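Order-wise, the sequence lines are chains A and B.
Going by our numbering, the first sequence opens with residue 1, and the numbers climb by one from there.
Going by our numbering, the second sequence opens with residue 116, and the numbers climb by one from there.
Derived by calculation from the structure, the hints in this document are not laboratory data.
It should be emphasised that the depicted structure is a prediction, and the values quoted were computed from it without experimental measurement.
Where a beta carbon is used, it is the ideal one built from N, C-alpha and C, also for glycine.
One thing to keep in mind: the hints can contain errors.
[Unchecked claim] If you want a taste of the chain A side facing chain B, the calculated C-beta under 7 Å gives, among others: (1) K42; (2) G43; (3) P44; (4) L46; (5) F62; (6) S93; (7) R95; (8) K102; (9) S103; (10) F105; (11) G106; (12) D107.
[Said to hold, decoys possible] Computed spacing ranges between beta-carbons, pair by pair: (13) B:I169 <-> A:D79: 42 to 52 Å; (14) B:G131 <-> A:E56: 50 to 60 Å; (15) A:D31 <-> B:E174: 14 to 24 Å; (16) A:F39 <-> B:P190: 17 to 27 Å; (17) A:A45 <-> B:D153: 15 to 25 Å; (18) A:D53 <-> B:D171: 24 to 34 Å; (19) A:D79 <-> B:K124: 27 to 37 Å; (20) A:P40 <-> B:V127: 18 to 28 Å; (21) A:R61 <-> B:S133: 44 to 54 Å; (22) A:I20 <-> B:S182: 35 to 45 Å; (23) A:N67 <-> B:P198: 40 to 50 Å; (24) B:G166 <-> A:E59: 28 to 38 Å; (25) B:P190 <-> A:I20: 32 to 42 Å.
[What the hints assert, rightly or not] Derived coverage of chain B by chain A (criterion: at least 3 residues anywhere in the stretch with Cβ under 8 Å from a Cβ of chain A; other residues may be distant): (26) 154–164; (27) 203–216.
These are the residues of each chain, in order.
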Amino acid sequence: QQQVKQSPQSLIVQKGGISIINCAYENTAFDYFPWYQQFPGKGPALLIAIRPDVSEKKEGRFTISFNKSAKQFSLHIMDSQPGDSATYFCAASCRYNTNAGKSTFGDGTTLTVKP
Amino acid sequence: NAGVTQTPKFQVLKTGQSMTLQCAQDMNHEYMSWYRQDPGMGLRLIHYSVGAGITDQGEVPNGYNVSRSTTEDFPLRLLSAAPSQTSVYFCASSVGQPSNQPQHFGDGTRLSIL
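Work out the full structure, taking the sequences as your base and the hints as a guide.
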């Protein structure tokens with residue numbers, strides 16, 4: 001049972017456009033939602049993260065929007081640049097219960113930003 | 116500051132061979148994990164450790180062993196390699212549980228089993 005579903009699988013955006021990647025989760029115990037960015041040949045690196053006590057978090061051109069009732073969260077990349085071309089993973093984890101500390105990852109979205 | 120270092124970067128094995136993937140971190144992180152990444156499947160947790168001497172299974176532990184004798188090192192052993200274990204393996208560490216702290220990943224080991 002996949003606990004975190006990510007969409008779309010791939011995304012092509014023009015330079016300067018907005019990239020939007022969505023994730024939906026099932027486990028209401030999840031309380032930490034990070035996004036990771038991965039360039040070819042490299043490991044994932046934390047981009048931005050959010051907890052369910054806030055509905056939005058912004059860091060530069062990157063924004064996480066969180067909808068607790070819908071069990072969804074999304075990554076928005078404003079003014080997308082060719083250097084943003086990478087694979088993006090959402091993840092979710094919880095601090096308690098038998099799965100405490102374990103992260104569940106989405107399947108990833110490959111973003112291509114065209115010049 | 117090296118962060119998380121994985122060796123080797125690439126490896127080709129024959130079915131039935133054994134090998135150890137090395138992972139070392141220099142950030143004094145207590146929590147370390149091993150993931151495998153397959154096309155279109157994201158990252159799946161193999162084994163993890165909450166500190167030296169303590170390990171536990173993740174989502175896909177079969178065919179893999181781990182040990183944690185020091186805080187710095189967390190090797191992953193393939194006992195008898197199978198083609199289904201062809202994948203990219205990532206080691207990660209965090210100062211605390213990944214539910215509270217971001218994970219720092221190595222650059223991966225690309226493993227092919229023939």
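Right, here's what the structure says about each hint:
1. K42: holds, 5 Å
2. G43: holds, 3 Å
3. P44: holds, 5 Å
4. L46: holds, 4 Å
5. F62: Check failed: Cβ of A:F62 comes no nearer than 14 Å to chain B, outside 7 Å.
6. S93: holds, 4 Å
7. R95: It holds, given that the least Cβ distance between A:R95 and chain B is near 4 Å, below 7 Å.
8. K102: At 6 Å from the nearest chain B Cβ, A:K102 passes the 7 Å test, so the hint holds.
9. S103: With Cβ-Cβ at 5 Å, under 7 Å, it holds.
10. F105: At 4 Å from the nearest chain B Cβ, A:F105 passes the 7 Å test, so the hint holds.
11. G106: Hint on A:G106: holds, closest Cβ of chain B at ~6 Å, below 7 Å.
12. D107: holds, 4 Å
13. B:I169 <-> A:D79: 42 to 52 Å: At 45 Å between Cβs, range holds.
14. B:G131 <-> A:E56: 50 to 60 Å: Distance hint for B:G131, A:E56 holds at roughly 52 Å.
15. A:D31 <-> B:E174: 14 to 24 Å: holds, 19 Å
16. A:F39 <-> B:P190: 17 to 27 Å: holds, 26 Å
17. A:A45 <-> B:D153: 15 to 25 Å: holds, 20 Å
18. A:D53 <-> B:D171: 24 to 34 Å: For B:D171 against A:D53, whose Cβ atoms are near 29 Å apart, the range 24 to 34 Å holds.
19. A:D79 <-> B:K124: 27 to 37 Å: holds, 34 Å
20. A:P40 <-> B:V127: 18 to 28 Å: Since the Cβ atoms of A:P40 and B:V127 sit about 20 Å apart, the hinted range of 18 to 28 Å holds.
21. A:R61 <-> B:S133: 44 to 54 Å: About 46 Å separates the Cβ atoms of A:R61 and B:S133, which means 44 to 54 Å holds.
22. A:I20 <-> B:S182: 35 to 45 Å: holds, 43 Å
23. A:N67 <-> B:P198: 40 to 50 Å: Given range 40 to 50 Å: holds, Cβ gap about 42 Å.
24. B:G166 <-> A:E59: 28 to 38 Å: holds, 31 Å
25. B:P190 <-> A:I20: 32 to 42 Å: The hinted range 32 to 42 Å holds for B:P190 and A:I20, with Cβ atoms some 40 Å apart.
26. 154–164: Since 7 is at least three, the answer is holds.
27. 203–216: Coverage by chain A holds here, the residue count being 6 at a Cβ distance below 8 Å.
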